[in-house]
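Start from the sequences and build out the full structure, keeping to the hints where you can.
Mapping of the sequence shown onto numbering that gives the first Met the number 0: residues 0 to 432, in sequence order.
Any given hint could turn out to be false.
Said to hold, decoys possible - Straight line, CA to CA, 25 Å or less: simulated PhoX-like cross-link-like pairs of lysine-lysine:
1. Lys22 / Lys75
2. Lys90 / Lys33
3. Lys355 / Lys169
4. Lys341 / Lys90
5. Lys309 / Lys276
6. Lys179 / Lys341
7. Lys169 / Lys342
8. Lys33 / Lys106
9. Lys106 / Lys68
10. Lys90 / Lys39
11. Lys179 / Lys276
Hints in this document: simulated from the structure, not taken from any laboratory.
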Amino acid sequence: MIKEISGRELALAVLLEMEQGEKSHIALRRVLEKYQYLDKRERAFATRLAEGTTERRIELDYVIDQFSKVKIRKMKPVIRCILRCAVYQMKYMESVPDSAACNEAVKLAVKKGFGNLRGFVNGVLRSIARNPDIRYPGNENFAEYLSVRWSVPEWIISMWLMDYGKERTKELLASLYIEKATTIRVNEERISREALKEKLRQEGATVKEHPLHSAALLISDYDYLGILPGFREGYFQVQDVSSIQAAERAGIREGDHVIDVCAAPGGKALHAAQLLKGSGYVEARDLTEEKVNLIWENIRRMGCSNIRAKRWDALVYDVDSEGKADVLLADLPCSGLGVMSKKTDIKYRVTNEQIKELVALQRRILETVHSYVRPGGTLVYSTCTVCRAENEENARWFTQKFPEYAMKYEEQIVPSETTDGFYIAVFKRMGEE
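Dropping the structure here:
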């Protein structure tokens, strides 16, 4: 018997998994996979509602707290999530009447066993509907104002204001809410760009050329990635163009030996293998068996023969790799502030203290792996964050700590309609090749 469930209930299921500590993109994928049989429009509604409610959580909580005697942090998780979803619909989904958002929220509270709170849910939402002009923090506390306006924790706002100034910070915040298509890198060893575009369009997906890179396409309006034609056949890899650029900036040449020290899920390592055109060798490493299995899964799907995955802790020195790498890729664990538009809960999970810990971890890894690069070889340091401490400051530290390395290229890529936030620094190891 097929279980009847609405898009609102799907969104609630995702948010409740997140309340238990699950990451947003994992919770969403799990719920959508479970209910693949639902209509595409219902699943799309659920996706937008879950992601939008998470993206705007600080603002939604600020609004609810103005009209509820019980503050949001003291509510039961189910009621808290139902209210957030309803207020998001009222403020950001023009196709949903306020009355429908209120009524469906009450029904959902009853269905989830909280019929005794139906009056509370209805009262809070009706009050918000009657008072659309919300009082926001004033400009006297600019960081607090931006925090509520853009639903980004105030400490991140303060860090960006210090690092980048007011105008750049406002640009960064606005970029989080630009609707973005999925970027894919075409595996032209298996299919031509035009043939892949036609296959995807036949499935109903919208396909566009990527304005920044000829190897990439932008796809949208599809239901579920795993069932798209060509995905299982390895015709393409989901990979942001900023990540594509990281492998290309390494200057990989045919016959090179490449080591990727933190490779999962394997996008850059697979790209490196393909740039080698069947020659050379790529060793893709990561910390856990789960991550290594994920790399192997993508290796098999993409059909690359000159790459292997290996479990290895990047903090453990590998004497056998000393001086062996023509190219070393070090896309290291980071705060992820450059991909907040995709992983909507990152901004709530990371803390200022964790960034300090990450900076220390990044430096320890670089200290461990830098000697794997042969004289004349290349080390690429990259992150998917927008944070000077993790990026520019680490790059300066590296050249001071290891003067045998000279920086040849550096770029902080700001999030935009077509790219994630990403940092790339390319270093050349001095000495005879």
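Here's how the hints hold up against the structure:
no. : hint            : in the structure
1   : Lys22 / Lys75   : holds (20 Å)
2   : Lys90 / Lys33   : violated (29 Å)
3   : Lys355 / Lys169 : holds (24 Å)
4   : Lys341 / Lys90  : holds (21 Å)
5   : Lys309 / Lys276 : holds (21 Å)
6   : Lys179 / Lys341 : holds (9 Å)
7   : Lys169 / Lys342 : holds (20 Å)
8   : Lys33 / Lys106  : holds (23 Å)
9   : Lys106 / Lys68  : holds (21 Å)
10  : Lys90 / Lys39   : holds (24 Å)
11  : Lys179 / Lys276 : violated (31 Å)
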